[in-house]
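Those protein sequence lines, which keep their order, are chains A, B, C and D. Taking this note's numbering, the leading residue of the first sequence gets 1, the next gets one more, and so forth. Taking this note's numbering, the leading residue of the second sequence gets 1001, the next gets one more, and so forth. Taking this note's numbering, the leading residue of the third sequence gets 2001, the next gets one more, and so forth. Taking this note's numbering, the leading residue of the fourth sequence gets 3001, the next gets one more, and so forth.
Everything labelled a hint here was simulated from the structure, so no lab data went into it. Beta carbons are placed, not taken as given, at the ideal position from N, Cα and C, and that holds for glycine. Worth double-checking, as some hints may not be accurate.
[To be verified] Have a look at the derived ranges for each label pair, beta carbon to beta carbon: (1) A:Asn394 <-> B:Asp1036: 33 to 39 Å; (2) B:Gln1272 <-> D:Lys3033: 46 to 52 Å; (3) A:Gly170 <-> B:Asp1036: 53 to 59 Å; (4) B:Asp1031 <-> A:Asn394: 18 to 24 Å; (5) C:Glu2202 <-> D:Asp3355: 45 to 51 Å; (6) D:Asp3355 <-> C:Gln2007: 25 to 31 Å; (7) D:Glu3415 <-> B:Gln1272: 39 to 45 Å.
There are 4 protein chains.
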Amino acid sequence: MRIAETQIQEQNSLLINDHKKSFEQLAEKLDKKNVDISLILERLKDFQIAIPSWALGQGGTRFGRFSVGGEPANLEQKIEDIGLLHTLNASSGSISLHIPWDIPDDAEKIKSLADSLNIKFDAVNSNTFQDQPGQELSYKFGSLSHTDPAVRKQAINHNIEVIRYGELLGSKSITVWLADGASFPGQQNFRKAYQCTLGSLEEIYQALPEGWRVFVEYKPFEPAFYSTVINDWGTSFLLASKLGDKAYTLVDLGHHLPNANIEQIVAILMLQGKLGGFHFNDSKYADDDLTVGSIKPYQLFLIFNELVEGMHYSDSKPELAWMIDASHNVKDPLEDLLQSVEAVKLAYARALIIDREKLWQCQEENDVVMVQELLQDAFRTDVRPLLAEARLQNGAVIDPVGAFRSLKVRDRLIEERGAGSAATGL
Amino acid sequence: MRIAETQIQEQNSLLINDHKKSFEQLAEKLDKKNVDISLILERLKDFQIAIPSWALGQGGTRFGRFSVGGEPANLEQKIEDIGLLHTLNASSGSISLHIPWDIPDDAEKIKSLADSLNIKFDAVNSNTFQDQPGQELSYKFGSLSHTDPAVRKQAINHNIEVIRYGELLGSKSITVWLADGASFPGQQNFRKAYQCTLGSLEEIYQALPEGWRVFVEYKPFEPAFYSTVINDWGTSFLLASKLGDKAYTLVDLGHHLPNANIEQIVAILMLQGKLGGFHFNDSKYADDDLTVGSIKPYQLFLIFNELVEGMHYSDSKPELAWMIDASHNVKDPLEDLLQSVEAVKLAYARALIIDREKLWQCQEENDVVMVQELLQDAFRTDVRPLLAEARLQNGAVIDPVGAFRSLKVRDRLIEERGAGSAATGL
Amino acid sequence: MRIAETQIQEQNSLLINDHKKSFEQLAEKLDKKNVDISLILERLKDFQIAIPSWALGQGGTRFGRFSVGGEPANLEQKIEDIGLLHTLNASSGSISLHIPWDIPDDAEKIKSLADSLNIKFDAVNSNTFQDQPGQELSYKFGSLSHTDPAVRKQAINHNIEVIRYGELLGSKSITVWLADGASFPGQQNFRKAYQCTLGSLEEIYQALPEGWRVFVEYKPFEPAFYSTVINDWGTSFLLASKLGDKAYTLVDLGHHLPNANIEQIVAILMLQGKLGGFHFNDSKYADDDLTVGSIKPYQLFLIFNELVEGMHYSDSKPELAWMIDASHNVKDPLEDLLQSVEAVKLAYARALIIDREKLWQCQEENDVVMVQELLQDAFRTDVRPLLAEARLQNGAVIDPVGAFRSLKVRDRLIEERGAGSAATGL
Amino acid sequence: MRIAETQIQEQNSLLINDHKKSFEQLAEKLDKKNVDISLILERLKDFQIAIPSWALGQGGTRFGRFSVGGEPANLEQKIEDIGLLHTLNASSGSISLHIPWDIPDDAEKIKSLADSLNIKFDAVNSNTFQDQPGQELSYKFGSLSHTDPAVRKQAINHNIEVIRYGELLGSKSITVWLADGASFPGQQNFRKAYQCTLGSLEEIYQALPEGWRVFVEYKPFEPAFYSTVINDWGTSFLLASKLGDKAYTLVDLGHHLPNANIEQIVAILMLQGKLGGFHFNDSKYADDDLTVGSIKPYQLFLIFNELVEGMHYSDSKPELAWMIDASHNVKDPLEDLLQSVEAVKLAYARALIIDREKLWQCQEENDVVMVQELLQDAFRTDVRPLLAEARLQNGAVIDPVGAFRSLKVRDRLIEERGAGSAATGL
């Protein structure tokens, strides 16, 4: 299904007056604080967050999975789903593919479908954490870090194949999330596992086409429960440094030990020129993969405070890849994604309205109380009208979740695809 | 020093126009959502949070302490400091005393000083985590849980003495934070320590005057680093249940293991009729005792979501004790307290504007997406004008931290008391 | 397959001399410390740990599963697998069934098979965390805690059905692990979810046959990622207390927040007469379900230190249910179980040799250094010869893992059942 | 006081027969496994662990401190205390000084005292986490990372002064534990704080004398409760890499987030040639500074498993600094230190008896079960006779804690120094 422009207008017509009023009131307040609203609107309008192809179906845990119905059964339908999101929020203009779940049979056809929905192809993702039917060697005991060079070679080749698919579609980067690790002390020799991984990554790095980048993700545990080869930002940074200028660290918000200060990691990585991008989600306990901003919205804001400083107030202009990476176990995946994108943009907008000159001055003077006043003032300000205005100016809806419901999108998807239609993926 | 009414008016005169405008805009929005603004204003105006006498000086860690100057050197000055806070925010109308740091020499004089500042005496606090000069037996290895009955007796008598001081001043409750525990496996016999503690608490309970309550605090670690006798809400609840109807569990937000769901604990304790009160602070790692709302404001909001439900929408009307319990290591303690009280009230106000009927309906229907929309709508709304209006109606200032600075309170305190004046306490 | 007595003897003949020597050396040392070795041997010989029917196949995570081959495909084969373990270690003499994965078609036949292998039927386990094919109502949003009474009724009836199957086979208890909870703030109303759960459990409790007990398990998260209805020991204890004398709390070692002091929970539950049993496993991060003792063997020893005190040195003689509850993702499940049972017994044996009178005396005197000497002396003593001797006296093998390999058990199982034979379960 | 050689012999005479028997039994067993016992004994005899000068008095927390009596009141007495330890265990042959607590008035006299006790001077430690009386600028808001260059200069100069004192005494390294950080979001600008710190460290680095090394410690929190400038191994490694070949990362076992895999950090640091040394202690919750091995002895063993591999089985031969860094709040500090040193050596000895060739082979073959058997076999073996034998060969006692008590060392120290004698330090 597609949402027609007239439907968009219909949805907005009911809310436009209230929105305009709220926006003007907010604009007046921000104006008094010398906030450049039009600049912020431009930044919000430009901000695009990729949707991973595996996030469009109902997710699950090792204990089970409960389907939502109408899930996209193939790559075309996945792109259509993202098209729906992008039509509603004008911020989901790219897709992140996963190979082998999303191998395009006819790349040109896929590209033109995506073009028609104004969707680009973001980073491609490899999978060496599962064995595929017919696969020669098993990844049970690792892939890029495996003790057996033949298994490593197979995994390297898979990654290179993923790059090739990405090239066909216009991607410019590959994300390597390496699930390799050990569930028991001694299972892996830490040194050898690190060295094998570095060697494997070097081969993948050599295969990067012109203009491509590789993102090295880190994660402390799961599916391995004692150690992970690339377990923290330090290890990812070390590997990316050894690989070269085209290698970067990718931060997934759920991939940290309890209480980690993620915003500090982000700041230091940017300072070293090695931050590559984000996988957004939220979590309370582990890699819970919950809706962005549903648990710790203030942490997200603090992360964007660092990002804004790094992106807009420093000499280095990091080119960052943004993606939602959540698992939708109890919510409609599309509604969940709309909420996640909104939460990311909210954090961005709040960080953009901080009076940064004054913040720096207070930091310089160690005026801790006033620093907190400044940050909290931005966070406590209701910036939702800014987001709505940016959407409006981009031709999308004022209230994405409201429109999704009002247009009965899920019902129509179930009608089209069936209640039993299930997405590939986790 | 005291702040004169004319100073209050002067402060407000600069902000009143902007405030009125913001308040009206907010009121209009809330009115459309059928929020009863006058009821909320009444609740905010009535809401009083006790300030502990030991929070008025600069705090420190085992590694050191850096003074702020002008700290209150005696009980009178502590009450004066709280008077300053209460004059500014009209929400700090009570003090929580700590014995032996705050033994009143002349109770009547102290009471009339407090009366003159409209300050009441909240829960009194005992101290068996330190040895006082001249103390007969040491608490090195415990107090109410000690293996030696003589030490237990001394600690019981101290608690009863604290109650007696509280009676003199008009307190109606005692908070027992028992630091007893073990730093090494086997150091304490868990069963005996529990039983001795229960026995000791029973003696204290017997000594409670008519109308008094006892709050049993819990904490997982520090100063004991392996186990604490009353380590979690379950143990506190167990003890309070065995003690009787006048015993309650007290929740300190910093006294939980990583990732604990505090709002659930609060809900279950209220449902059992055993929630006694709160020690507010915030933390990222351990019992960090940071400014309320400075780290996890959304968690605080979720806690108040439960409190509002328990206080205003259930048959049981829990009478709760509210106190800030933070350590001010790098901020001016008074500014810090103003920020903390504001954060508590902000969370309360946000929880009050939730459309509860609709929330219940969505919960009933398991409409998880809409539940989140409701909660986040309340949290994202800028309710600061509500707080300012409540203060204004109570004769206090629109912007407490701003006024504190504008009136140069700290400078004047240092002038009066000296840069070297240090508060007793931690 | 079965292992013949002659094979056992053959295995032992190679090790018997070394064993006898080691055992005598250990016995001499323990004798000097007045340890009653024959009593300890009797206790070790009597100690039986149930094997859950779902632990006999290769486990997995949400990211995938890698099979080991020769997994038991039905209940008969599962019982045979446990028979193999019990033949080797003489400590795995019972099975814990899971319904609906293990519904016995012919209960009498199953019982006589189990009898022939000297295996008893331990607690039965219900499953309301997944939807089964053809199930009328979904557990997506809960079961015993569901907002809809019809779903609760279905879940209650399932639990009662599980009890009926257990009766047929001679079980005497049911374990309720309730996966119900919320993945997002507000999704569940904490109070209503608690009350519905209590109501549902009361109905199940009413259906308990004479002599039966119900174990209420707790877990902080997973599969729900924000809150769990029965999230900690306090909630489980509260429910068990309200249910009555036949309800107990069950402790799974992996179901705690980071850094929790599990041994203290165990001690307090025993003191209250409410400890029902254990699910043994080990973990570093979350509910990792690793081999018992593979990560924190000293914690396991400290837990047994409490258990020994509660079981053998107190008036209450708790009747405890013991079960391994691990997931075997990278090890052969049977070898893993042999290692787990060994680790449990090792912890038990070490706790049994503690000089308890002296420990109590040092605790009484707060001689912390000497307490540690006593505990560490027991932990550092190599008690493996005690375990081997107990096995020998029970007709089992000196070295279970060694014998398993030497007898090529897995190869033979794959031969019999096929490399593709996969167990039902997680 | 000093312990005479005759006293040593007297102590040993009571235990020598039992020891010899135990040692022979162990030697026989290890011999069968082809363990080179004499090589291990040499390594154990050579192994020296520094004692920090601040660990000789009773430690405390922000809540209080309870003295033990007879604490060393000056540097001479501190050296004497370490002399006592070294006489008893022959493994505490060096002291780590802290400036300004231990400024030597007469370096030559101090050196000759230390010589007479066979004690060397290990790394010196600077202190910029406290303000000293008369100090010009305050470290309240940082030292090496301070926004004010004058404060940074003062802190740099202090560190250089510490190096100069170290030179006088024969030290060859300085450990920088930088307490700088922020207690609130935004307080510090992460980028500027990092850059200032790097600049400051570079100046200190320039001042290193020939043959000296600098150790950069990391710690996630405390005394700062939101962020620490050098918060994890990644940041420390980054700084050490930028500084140069004389800069190394120092690992304190208590300075990690919950659940961190420390042994992996150690392995990767060694592989990069950047591991400088250790501060040994143990912890359950945070930086608890408990006796080494009292909480997680298996983790300590796994760390030594990596260390043995790095030190004895790799080309790089890291020169590592070893120190106990614990706080003795409830134990006699000297007894506590004896227990700590014993625990470190126990872990080392266990790691030394691992059959490493076989371990590597099992790792290569991903035989996870057998890897665990190998590690646990080493850990479960009672290697205490090896440690006693090493002490005996070094002229020390078989049972250090027992001898300490039997010789009534504490009583004699209290007699000599008084019950009120208190050590400088934490």
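Practice task
Give me the numbers of the hints this structure contradicts, sorted from smallest to largest.
Solution key: 2, 4, 5, 7
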